[in-house]
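**Q** Could you put the whole structure together from the sequences, leaning on the hints where they help?
If you're matching them up, the sequences are chains A and S in order. Just so we're aligned, residue 492 is where the first sequence starts under our numbering, counting upward by one. Just so we're aligned, residue 492 is where the second sequence starts under our numbering, counting upward by one.
I should point out that these hints are in silico values taken from the structure, not numbers from a laboratory. The model shown is predicted, which means the values in this text are computed figures rather than measured ones. Be a bit skeptical, because a hint or two may be false.
If chains are identical, the list can't say which one is meant, so a pair holds when it fits in one copy or spans any two.
[Said to hold, decoys possible] List time: in silico EDC-like cross-link candidates among lysine to aspartate or glutamate, alpha-carbon distance up to 20 Å: (1) Lys-571 <-> Asp-760; (2) Lys-772 <-> Asp-760; (3) Lys-586 <-> Glu-640; (4) Lys-614 <-> Asp-701; (5) Lys-498 <-> Glu-754; (6) Lys-612 <-> Asp-735; (7) Lys-571 <-> Asp-819; (8) Lys-612 <-> Glu-529; (9) Lys-614 <-> Glu-541; (10) Lys-591 <-> Glu-693; (11) Lys-515 <-> Glu-791; (12) Lys-498 <-> Asp-760; (13) Lys-586 <-> Asp-605; (14) Lys-498 <-> Asp-605; (15) Lys-591 <-> Asp-796; (16) Lys-620 <-> Asp-677; (17) Lys-772 <-> Glu-567; (18) Lys-498 <-> Glu-549; (19) Lys-689 <-> Asp-623.
There are 2 protein chains.
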Amino acid sequence: MKFTCAKTDLAQAVQTVSKAVSVKNQNPILSGIYIKAENNLLELQATDYEIGIICKIEAQIEESGQIVLSGRYLQEVIRKLPGVNIEIEYDRQEKTAHIKSNRAHFTLLSMSPDDFPVINKIKGDFNFKIRDNILHELISRTTFACSNEEARPVFTGCLLELDGSQVNMVATDIRRLAFQTSTLEDFEGQRKMIIPSKILNEIQKLLISDTPREVNINYNSNQISFELDGTYIASRLIDGQFPDYNRAMPTSFSTRVKVNTEEFRSVLDRVALISRTNEYKIATLEFSAGMIRITSNNPEIGNADESMTAEIDGEDITISFNVDYIADVLKIVNTKEFYISLNSSLNPASIRMLDDESFTYIITPVRNNGI
Amino acid sequence: MKFTCAKTDLAQAVQTVSKAVSVKNQNPILSGIYIKAENNLLELQATDYEIGIICKIEAQIEESGQIVLSGRYLQEVIRKLPGVNIEIEYDRQEKTAHIKSNRAHFTLLSMSPDDFPVINKIKGDFNFKIRDNILHELISRTTFACSNEEARPVFTGCLLELDGSQVNMVATDIRRLAFQTSTLEDFEGQRKMIIPSKILNEIQKLLISDTPREVNINYNSNQISFELDGTYIASRLIDGQFPDYNRAMPTSFSTRVKVNTEEFRSVLDRVALISRTNEYKIATLEFSAGMIRITSNNPEIGNADESMTAEIDGEDITISFNVDYIADVLKIVNTKEFYISLNSSLNPASIRMLDDESFTYIITPVRNNGI
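**A** Here you go:
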């Protein structure tokens, strides 16, 4: 095998597939990146069996072939090479790859390509297209609400729900829930699947570009794949029953509060200095007489107490939340103002953005017995 | 106690003394910052018995007094306060400090100021002044060569050597040595002392300013203090005999090489990708026929091989070094070109900058038996 390609192309492709390189070391071949050179195309692959990524770039191929190189060293070496172009040649006898760029010459040991579990693309009739910015919004506004507890796999993923021209993404860890909806073109029927949030987060990073692109999605009963430009990402689906999220979303509220986002964010940030160190991370919000008062108390450190004005429509309420659960959603609120809607100190509250009906966040209060 | 001061002044002072706040938790009072309000001055102190820092700022004092607050929480709270001014008032009954700025109100528990080991300034006749930029250069060009091994304390510090109008700073971990010299005004006599590098690194951070300042240094047989503007830093000295560094510095060389700094730095950076993973971190340099060839070999990964042109004056030499020891000194080389001077593959080499005689770096080669 021998080829020449542009350094920036190869560096980008290696970085993309590196996300699927196994770091667990359970099987050495999974720590490698598989490279196939054929028909003026380089195909790079990496997989840890949970996620598989294929990336294709153009190259001048002098001799076809396949190799597997250490993902870690390939990434570090390619990134630092001095030239515009890179030549890679496989030495069959030494079982090494010679990587050359200007006067730099690296030799990396190769693993056997026959041992690499080459990724088979998902084939079948189940597929749809989605615009990259819509998929980005669905992912970025929900995955943060997933659970990290592997013991309950359903909550470590996001529900993707297709219902005719509507597409919903939902994530919950039981104590809070994030819901984002959008529209799909050219889709008929209904379908639900649970996608690991880890993989959605990787896909999200690929979705930032200046020109709008279509993402092709294929799926079957236990796998899903995302394809855009030269990149293909496949993931297993999570098996299980996602809870009926509609039942968790209150239909009416007794109090609605319109809040300045930036001001609330900085007040909460200060109060969190005290509550973050507390076992329960509790901040208490008092809505009354056109003011929100936010307090936190930690017997070992002290307390914080700050007020800000807000438009309060409805009854006075005092309610306590896990401060992280509010801080998390504030990271994605991108409107100048947002709504907090409440019923009582024991009922779930909702957070929605101003003039944006597509997103809903539900948060369960904590009982604060003055700890 | 009750006072008002500017937020930026207090935040700066708290950050400065925080460097001396103990993180080891051996004694809770040492995790605190002592604050004394008196005569329209706030004095902040922190110490972990190794280093002590005092910082003074102006304040409007309504009632004199002393408190000790948690260094960690005080720093976090002050930094995030919303207003231009901060009011702090001690509540004797609650034993808490009320910290107010705009609508934010924090209450922090106070420790007893009577338990705080208040720092006594070093008094006596032994003192000299040094310009801040000279002290900065002495520190920044040497401390990196110190050892981290607490078992041999002498090598964890820098030798400060005063000899009439000459001042030298020297650091070594036996395998390499960094030497920087400069001139002192108004000093007579000779003096040697070993200062912990940890403290020199903290002092270095305070020495960056737009206007040249004088640093006042006081010392006795076991302590040294540095004073500039409103900040006073005291440190213990390291007891022991610093090796005779003059014997480690070769007086003549058989080969002198003039090297382009930027090019050498990036070649070494690439070759280091392979050698850093090796137990001995070895890079081999071949100086011959107007070229430097740098190679590294690691049987488990592969090897790196790159050449660059250089002005070589003298005999051909092949020599191996710990790659970190070269990378470290390259961080401080600030001239476009530098010299490597050598005698043989087994003798120490020297690195000096072009047109700057004040700095010398000596590095011992490693034997490379083709591992």
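**Q** Each hint needs a verdict: does it hold in this structure or not?
**A** Each hint tested on the structure:
Taking the shortest Cα distances, Lys-571 and Asp-760 sit within 20 Å of each other only across copies (8 Å), while inside one copy they are farther apart (39 Å). Proximity of Lys-772 to Asp-760 under the C-alpha cut-off of 20 Å is restricted to the intra-copy arrangement: shortest distance 12 Å within a copy versus 45 Å between copies. In the homo-oligomer, the alpha carbons of Lys-586 and Glu-640 never lie at most 20 Å apart, since the shortest distance is 42 Å inside one protomer and 41 Å across protomers. For the identical chains of this complex, Lys-614 and Asp-701 are neighbours neither inside a copy (30 Å) nor across copies (66 Å), given an alpha-carbon limit of 20 Å.
Proximity of Lys-498 and Glu-754 under a CA criterion of 20 Å is satisfied inter-copy only: 19 Å between copies versus 46 Å inside one chain copy. Within a single copy, Lys-612 and Asp-735 get their C-alpha atoms no closer than 32 Å, and across copies no closer than 69 Å, so neither meets the 20 Å cut-off. Proximity of Lys-571 and Asp-819 under a CA criterion of 20 Å is satisfied inter-copy only: 19 Å between copies versus 36 Å inside one chain copy. In this assembly of identical chains, the alpha carbons of Lys-612 and Glu-529 lie at most 20 Å apart only when taken from the same copy (18 Å versus 75 Å across copies).
In this assembly of identical chains, the alpha carbons of Lys-614 and Glu-541 lie at most 20 Å apart only when taken from the same copy (18 Å versus 67 Å across copies). Taking the shortest Cα distances, Lys-591 and Glu-693 never come within 20 Å of each other, neither inside one copy (30 Å) nor across copies (43 Å). In this assembly of identical chains, the alpha carbons of Lys-515 and Glu-791 lie at most 20 Å apart only when taken from different copies (18 Å versus 40 Å within one copy). Taking the shortest alpha-carbon separations for Lys-498 and Asp-760, only the inter-copy value of 17 Å comes in at or below 20 Å, while the best intra-copy value is 43 Å.
Proximity of Lys-586 to Asp-605 under the C-alpha cut-off of 20 Å is restricted to the intra-copy arrangement: shortest distance 13 Å within a copy versus 72 Å between copies. Proximity of Lys-498 to Asp-605 under the C-alpha cut-off of 20 Å is found in neither arrangement, the shortest distances being 27 Å within a copy and 65 Å between copies. For the homomeric pair Lys-591 and Asp-796, the shortest alpha-carbon distance between copies (10 Å) is at most 20 Å, but the shortest distance inside one copy (62 Å) is not. In the homo-oligomer, the alpha carbons of Lys-620 and Asp-677 lie at most 20 Å apart inside one protomer (8 Å), although the nearest pairing across protomers, at 79 Å, exceeds that limit.
Proximity of Lys-772 and Glu-567 under a CA criterion of 20 Å is satisfied inter-copy only: 17 Å between copies versus 40 Å inside one chain copy. For the homomeric pair Lys-498 and Glu-549, the shortest alpha-carbon distance inside one copy (11 Å) is at most 20 Å, but the shortest distance between copies (57 Å) is not. In this homomeric assembly, Lys-689 and Asp-623 come within 20 Å of each other (Cα to Cα) only inside a single copy, at 18 Å, whereas the closest approach across copies is 50 Å.
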